[in-house]
Amino acid sequence: MGIKMKKVPPINERYKEYEKLDWVVSHGVGVDHTADMTTFASVLAQAGYLKDIDSYYYMRYDDSPERNYLPMIFYNVFGNPKIPVLLHEEVEPIGNLFNTIVAFTSSVLIQKTSQRALLFDGAKPDAVLVVNTSLTPDEVLKLVKKYNLSKSWYGKIVTVRTSLIDRSPSFPLLGALAKGWEKIDIGSIYDALDLLGKENKKESVKKGFENATVKDVEVEIQNEKEVDEGIEIPEFNGKSWTPDIYYAYQKAASSAKNYSQRIAAMPRWEVLSSGLIEFGPKPGNKNIGFTTPWKFKRPILNREKCIDCKLCTYYCPNGAIDFTKIDFDYEYCTGCGICEKVCPTKAIELKGEVESVEGLKDEEVPVKRFESREYGF
Amino acid sequence: MCAQKVELVKSIPKEKYNVKIWNGARAIAEAVKVADVDVISAYPIRPYTGIMNSLAQMLANGEFKAEIVIADSEHSQFEIVKHASATGARTFVGSSGVGLLYAFESVTATSLGSVPVVGVIGTRALDDPGNFGMEWTDVLTTRDLGWLISWPRDVQEATDMTLVAYRVAEDHRVLQPHFIAVDGAAITHVSMPVIPPSKEDLSEFLPPYDLPYKVDPEDGPVSKGMHIAPSLIGPEERKVIDVALKRSKEVIKEAWKDFEKYTGRRYSPFIEAKNMDDAEIALVGMGAYMKDIELVADMLRKEGIKIGTVRLRYLRPFPNEELVASLKNVKAAGIMEFDFSFGSPNGTGSLYHEVATSLYDMDNRPKLLDFLFLGGREPTTEHFKKAAEKVHELAKGKAAEKKAYWLTLRGEDI
Chain A
0 MGIKMKKVPP INERYKEYEK LDWVVSHGVG VDHTADMTTF ASVLAQAGYL KDIDSYYYMR
60 YDDSPERNYL PMIFYNVFGN PKIPVLLHEE VEPIGNLFNT IVAFTSSVLI QKTSQRALLF
120 DGAKPDAVLV VNTSLTPDEV LKLVKKYNLS KSWYGKIVTV RTSLIDRSPS FPLLGALAKG
180 WEKIDIGSIY DALDLLGKEN KKESVKKGFE NATVKDVEVE IQNEKEVDEG IEIPEFNGKS
240 WTPDIYYAYQ KAASSAKNYS QRIAAMPRWE VLSSGLIEFG PKPGNKNIGF TTPWKFKRPI
300 LNREKCIDCK LCTYYCPNGA IDFTKIDFDY EYCTGCGICE KVCPTKAIEL KGEVESVEGL
360 KDEEVPVKRF ESREYGF
Chain B
0 MCAQKVELVK SIPKEKYNVK IWNGARAIAE AVKVADVDVI SAYPIRPYTG IMNSLAQMLA
60 NGEFKAEIVI ADSEHSQFEI VKHASATGAR TFVGSSGVGL LYAFESVTAT SLGSVPVVGV
120 IGTRALDDPG NFGMEWTDVL TTRDLGWLIS WPRDVQEATD MTLVAYRVAE DHRVLQPHFI
180 AVDGAAITHV SMPVIPPSKE DLSEFLPPYD LPYKVDPEDG PVSKGMHIAP SLIGPEERKV
240 IDVALKRSKE VIKEAWKDFE KYTGRRYSPF IEAKNMDDAE IALVGMGAYM KDIELVADML
300 RKEGIKIGTV RLRYLRPFPN EELVASLKNV KAAGIMEFDF SFGSPNGTGS LYHEVATSLY
360 DMDNRPKLLD FLFLGGREPT TEHFKKAAEK VHELAKGKAA EKKAYWLTLR GEDI
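From first to last, the protein sequence lines stand for chains A and B.
Each step along the first sequence adds one to the number in numbering that gives the first Met the number 0, with nothing skipped, and position 60 is 59.
Each step along the second sequence adds one to the number in numbering that gives the first Met the number 0, with nothing skipped, and position 251 is 250.
A couple of the hints might just be wrong.
[Said to hold, decoys possible] If we take Cβ atoms under 8 Å as the criterion, some of the chain A residues that face chain B in the derived model are: (1) Y248; (2) L271; (3) P316.
[Said to hold, decoys possible] In silico SDA-like pairs for lysine to any residue, Cα to Cα no more than 20 Å straight-line: (4) A:K250 / B:M225; (5) B:K238 / A:Y245; (6) B:K245 / A:L275; (7) B:K248 / B:R172; (8) A:K238 / B:G61; (9) B:K238 / A:V270.
Just so you know, these hints were derived from the structure itself, not from any lab.
Cβ atoms here follow ideal geometry from the backbone N, Cα and C, with glycine treated the same way.
Given only the sequences and the hints, what does the whole structure look like? Please build it.
Spelled out as structure tokens, the structure:
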């Protein structure tokens, strides 16, 4: 290709100040969890304040209709207010930030790319992972380990199945959080509920506390040092945008092991063409990009029912269904469900990601049908 | 680069031009015809409507071939040319007043996506409602977005500027969209003798549109103006546009120099300064009313006042160096403008802010006054004369009671 590569360090220095703070980051799914996550974060912030800790919370992604089923992230921060807030556009904080990671559904643990990077690249080494799931801590650990962690983890996993306790997962999760993370105790959560006029929810918090399963984890990553050494990106040679340079950058970005490396792999402005040109793949190749960051369901084909009519191939907006032999490329499938809709013999069925990946039933995976959507696109 | 392809040819002194009496709308349409555009999108709004009518008539008469799309709104209108231009078609668009503001989402996407669309805005007051007077506020809303903005003085210059706009916008060093702001009614609906642009003269001046990366299946899959994540590629995209606007200055200079070679018509690229060599005071402005202002300045010269005029031909890129050079010996200057910025410093207008910012670093900067002609009410030479007198008094040492004057206002100007 004739493009020189050079090694650059990952960009994570800017988060050093924020590592002094205590962070709780919670993940859910837009629309499904918006209201619950707001409740969770506000109670937690109130509880922190009652313990004389400066605390605030903010969110990434709002509840606007076009954000249906996209990942929703809330940050609760406890500590010195003199440290400025990380703004909303700081999408993926990296470094040793999060003391506690709360997953409103276990399906967020198997999402790809940026969000997974956020979950584990941003965690402190002793982070507590609280998951709303029917899985056991061991099964959760198996899920987490499936995707290469970039650093060692000596923390805890707390699991609780909130649907058995309360319609809203937020209160049982608060109880589970209090059980796993020593900085917030259940008493201050009770006080916060009193203050917010939600006294009747104390029972749910208590049940969450009691039902939660806690397990210590020890994951050692041998080559942790190597990860931080950086990433190879094309060297700037005074020339601007050509397909070769673009493909070189794309390859570099896709080789990033974590989000800080991915940011480091982005081109400087002199290289860019005017109008932000991106070249498609060469004939016969697929795009190396980040096609499917979010997917909660995936299509499963029943070959006995399939009559090979190719309708699903034609209708697939992402070209993720092979033509010659009907087969799904899950790297490019977004789980939109159009193939299921158009299939005349009902040979295609959408299944929850956790169920299809791990063979495990997870009741918290949002499995809403298109008809049941109140609004959206 | 198109500029390097051009070879030197001697200007052809034409004994007898085939002069036409055209109004601004018709003349601009003739320039669009000569530029041989491929896609035109239109949606009527006064005073721009005349241009689209003329173009539609030409197409109906078979004078040239282009795809004309009558859109369902200004928003769609600007979207159509944005996409057409990205596929490699030369495009023409235009609007006025609130129509332009309705298209605003597309207007921003066109400039931030670096698509060299050329548009003519017949300036019009923003509606309160139904005001069809001349005001610049509609174009000035697009001032900060990455569009090049030029301001002709008369019909001939509007015609020539339209052709030069294509050359500048499509230059590979620029590749940004271009507005030509023609003063509504004062140019669009005024007929005057025009030397028509001819395709023979200008075919070398204006080479075919050649976008580096077209959205064209034949060239392989290409995406343009991608959705971006701010943390990944936010400031870099803006910097590309910033540099394009900075580079556009040299491109504009080259283009007008070349234009003179091919047509024999000479323009100073950025600033048209008249009687500024020994001037003590100056009136600074843009657009069609500079004719009247220059007339007033000539009258005052005869009375012994050393006055000159400075006309800005481009607002973006702003010719700050040229402006400083032309105003360096002046004691006081008056800014003549047709736009408002309510609640701004000292109640002054947008052009005042631009000029004042440019002059701030001068050692002996002139004192400035602002004269606002708002709401579409037409000023007369009397108003301009009064403005010149205010500036003259300021230059003689009499302190001004305020910065901004509303000379066409009925009632007390407080």
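Query raised in the report: Between K238 of chain B and Y245 of chain A, is the straight-line Cα distance small enough, at 20 Å or below?
Result: Holds, at about 18 Å.
Query raised in the report: Keeping to a limit of 20 Å between CA atoms, is the pair of K245 of chain B and L275 of chain A held or broken?
Result: Roughly 19 Å between the alpha carbons, so the hint for K245 of chain B and L275 of chain A holds.
Query raised in the report: Going straight from one Cα to the other, do K238 of chain B and V270 of chain A come out at no more than 20 Å?
Result: Given that 20 Å is the threshold and the Cα spacing comes to 11 Å, the pair holds.
Requested in this report: Closer than 8 Å between Cβ atoms is the bar; does Y248 of chain A clear it against chain B? Give me holds or violated.
Outcome: The hint is violated - Y248 of chain A has no Cβ within 8 Å of chain B, the shortest such distance being about 11 Å.
Query raised in the report: Per the CB criterion, is P316 of chain A less than 8 Å away from chain B?
Result: Violated. Min distance 15 Å.
Query raised in the report: Holds or violated: K250 of chain A with M225 of chain B, Cα cutoff 20 Å?
Result: holds (18 Å)
**Report entry** Status of the L271 of chain A interface restraint (C-beta, 8 Å, chain B)
**Finding:** Holds. Min distance 5 Å.
Query raised in the report: Within 20 Å, alpha carbon to alpha carbon, are K238 of chain A and G61 of chain B?
Result: Violated - the C-alpha atoms of G61 of chain B and K238 of chain A are around 45 Å apart, more than 20 Å.
Requested in this report: Please work out if K248 of chain B and R172 of chain B have their alpha carbons no farther apart than 20 Å.
Outcome: Roughly 10 Å separates the two Cα atoms, so the pair holds.
In terms of the numbered hints stated before, the structure departs from hints 1, 3, 8, listed from lowest to highest.
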